[in-house]
Amino acid sequence: MTTDARPQSTPQTIEMMVNMGPQHPSTHGVFRMVLQVDGERVTGMESVIGYLHRGTEKLAEGEMYRQVITLFDRLDYLANFNNEHTFVMVTEKLMGVKPPERAEFIRVILLELNRIASHLMYYAAFGADTGVFGTTFMYGFRERERIQAVFEAVSGARMMHNFMRVGGVKNDLPANFDAMMGDLMPVLERGVRECDDLLTTNEIFLERTQGIGVISAADAVNLGLSGPNLRACGVPYDVRRAEPYSIYDKLDFDVPVGARGDCFDRYLVRMEEMRQSLRILKQAMKGLPAGPVMATNVPKGLRPPKGEAFVCTENPRGEFGVYVISDGKDRPYRLKIRGPSFVNLMSLPTMMRNAYIADAVVILASIDIVLGDVDR
Amino acid sequence: MTTHGAQPPTPAVTASYPELEAALKEALAGVPYTSEYILDELVVTLPPEHVLSACRVLKDHPRLAFDYLRCISGVDWVANLQVVYHLWSMSLRHKLVVKVNLPNDNPRVASVIPVWRGADWHEREAAELFGIVFEGHPDLKPLLLYEGFEGYPLRKSFAQGVKPGREAEAAEKPRKAVRPPAEKPPEKGEGAP
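Read top to bottom, the protein sequences are chains A and B.
Per my numbering, residue 1 is the first one in the first sequence, and the count goes up by one each step.
Per my numbering, residue 1 is the first one in the second sequence, and the count goes up by one each step.
These are calculated hints, taken from the structure and not from any lab test.
One should not assume that every hint holds.
[Said to hold, decoys possible] Stretch by stretch, here's where chain B covers chain A in the computed footprint (C-beta under 8 Å, at least three residues): (1) 28-39; (2) 57-70; (3) 195-201; (4) 235-247.
[As the list claims (entries may be wrong)] Computed far set for chain B versus chain A, every beta-carbon distance over 12 Å: (5) A27; (6) L28; (7) A29; (8) S35; (9) V43; (10) E49; (11) H50; (12) G74; (13) N101; (14) S111; (15) P142.
[To be verified] Facing chain A, from chain B, some residues (calculated, C-beta under 10 Å): (16) R70; (17) V75; (18) G118; (19) F158.
Built from N, CA and C at the ideal position, the CB exists for glycine as well.
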């Protein structure tokens, strides 16, 4: 008896389910995509999240307000200062505390430095996901590390700073901060320029990002997209302008918007935002007043009066909202976190319509998610 | 790439409240709602059966135009459950909080996905963590917790740090760790070879 090598039945083209993640280098953490593909085309997709869920909201109900700040460091771990700041702001709103002006300036300096550090990280990973592995990581991390060093000098920690306080900041800036920033600013300016030169006009990069992962402004607003992703669609919504907080109403900066809402526009908006952040930093460093860094009327035990408040701020990834309900005790009665990555990720299936499998990685990277923020 | 630099500074959101209240009164005529101010926010409480129709009006009415859903939060008030919607209008730049109270024994409310698609995961999260049923949601399956998780962890009756089925065991143990008394640090030179 001879074996016949021909197939027993006629092969047919069928739709297939492809699983990506949760352990996949392009998912930026533990995120799983289930793709329904027809050949190379993605015909449907589902996001599976929750692998990093730590129950921050429940944990916060058992911690005192002062302790909750540390939990916020661990949400979006690439924008620690921004997270802390939002929680501190909402507590200040409940208690009617106003931080001194120097503290507000210090906060804004750190927030904008953190925004640049976060966008550099985005640049590094986005380049890697479009196929420029290694190079962009080196460039992005080179400058980011310099910022990280400043953070360490200011707060004592590279990442989990625990620096913002209700009514101000933990301590004043180090004595040589001016000199440090004097060194850092030209380095960042050069760094952003070099990053720009490396990718923005690169033919292969353009091919991989232009017209890919398009989302319309109407869809984006309806899906709750925010931050650079929303602005890339042409919607000039920036919380720093829409509902100015801290000292942002006194600062001069532009809100860059894109036109097409594709991966390339999302990239361009972030590159421009880094330059705008540098502009803000210059103004904040120039205007940095002398004085105390903590309000004097903040009690040791924080007990906000009965009530509730919702505050949202412009984080590097978008609108970060915190909703706190206080029942007059020293721990929040309820704390809800609106993570920008969590909400932005809902737009992924819309952006992924009719994309190629290879583009799925680029589209995901262009949203710039942090899983600590998605899963909370 | 265009930049929007010369945007006028936004007037305080609170400045528009009298106008907003008038518009609400007109748009929600026939809906028995109550409104109050909490700090700088206008809070409207709706009966559960009117949520979907009222939200449609809130989004479509030209003087309200709440096109952006910021957040949906569940709250456990022990006596009842509550769903809180934080809304924002991109064009008119004002905000509103909408609240709905639901009974503990059968918390059901209409899903607002037909109005804002971005409600999807917020509702799945509230359903999973509070046990609130959002009627009309296309796929109300668990989002964050692992498969087979029992209970609704964000309810107040769900004790923190206690696994389901081991409540009795946890009640015997004190929650706070007892710290041993601090030892006196050895004096300099003492015990050195």
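Okay, the hints, checked on the actual structure:
Judged by the Cβ-Cβ criterion of 8 Å, the stretch 28-39 of chain A is not covered by chain B as claimed, because only 0 of its residues qualify and three are needed. Figure legend: the stretch 57-70 of chain A, annotated as covered by chain B; annotation consistent (5 residues with Cβ-Cβ distances under 8 Å, at least 3 required). For the stretch 195-201 of chain A, the assignment as covered by chain B is violated, since 0 residues bring a beta-carbon within under 8 Å of that chain's beta-carbons and 3 are needed. Only residues whose beta carbon comes within less than 8 Å of a beta carbon in chain B count, and the stretch 235-247 of chain A has 7; three or more means the coverage holds.
The claim that B/A27 lies off the interface holds: its Cβ sits roughly 20 Å from the closest Cβ of chain A, which is beyond the 12 Å cut-off. Look at B/L28: its CB is around 21 Å from the nearest CB on chain A, clear of 12 Å, so calling it non-interface holds up. Interface exclusion of B/A29 from chain A stands, the closest Cβ pair being 26 Å apart, more than 12 Å. The claim that B/S35 lies off the interface holds: its Cβ sits roughly 15 Å from the closest Cβ of chain A, which is beyond the 12 Å cut-off.
Taking the minimum C-beta to C-beta distance to chain A, about 9 Å, the non-interface status of B/V43 is violated against the 12 Å cut. Distance check on B/E49: its Cβ is at least 24 Å (rounded) from any Cβ of chain A, clearing the 12 Å threshold; non-interface status holds. Non-interface status of B/H50 relative to chain A is upheld: no Cβ of that chain comes within 12 Å, the nearest being about 22 Å off. Residue-level check failed: B/G74 sits 8 Å from the nearest beta carbon of chain A, not beyond 12 Å.
A cut-off of 12 Å between C-beta atoms confirms that B/N101 is not in contact with chain A; the least separation is 14 Å. Annotated as non-interface, B/S111 keeps its C-beta farther than 12 Å from every C-beta of chain A; the closest such distance is 14 Å. Annotated as non-interface, B/P142 brings its C-beta within 12 Å of a C-beta of chain A; the closest such distance is 8 Å. The interface hint given for B/R70 holds, since its Cβ lies 6 Å from the closest Cβ of chain A, which is under the 10 Å cut-off.
The beta carbon of B/V75 is positioned within 10 Å of a beta carbon in chain A (closest approach about 5 Å), and the interface hint is therefore held. With a cut of 10 Å, the hint placing B/G118 at the interface with chain A holds, because the nearest CB-to-CB distance is about 3 Å. Residue-level restraint check for B/F158 holds (minimum Cβ-Cβ distance to chain A is 8 Å; threshold 10 Å).
Consistency note: the structure conflicts with the earlier hints numbered 1, 3, 9, 12 and 15.
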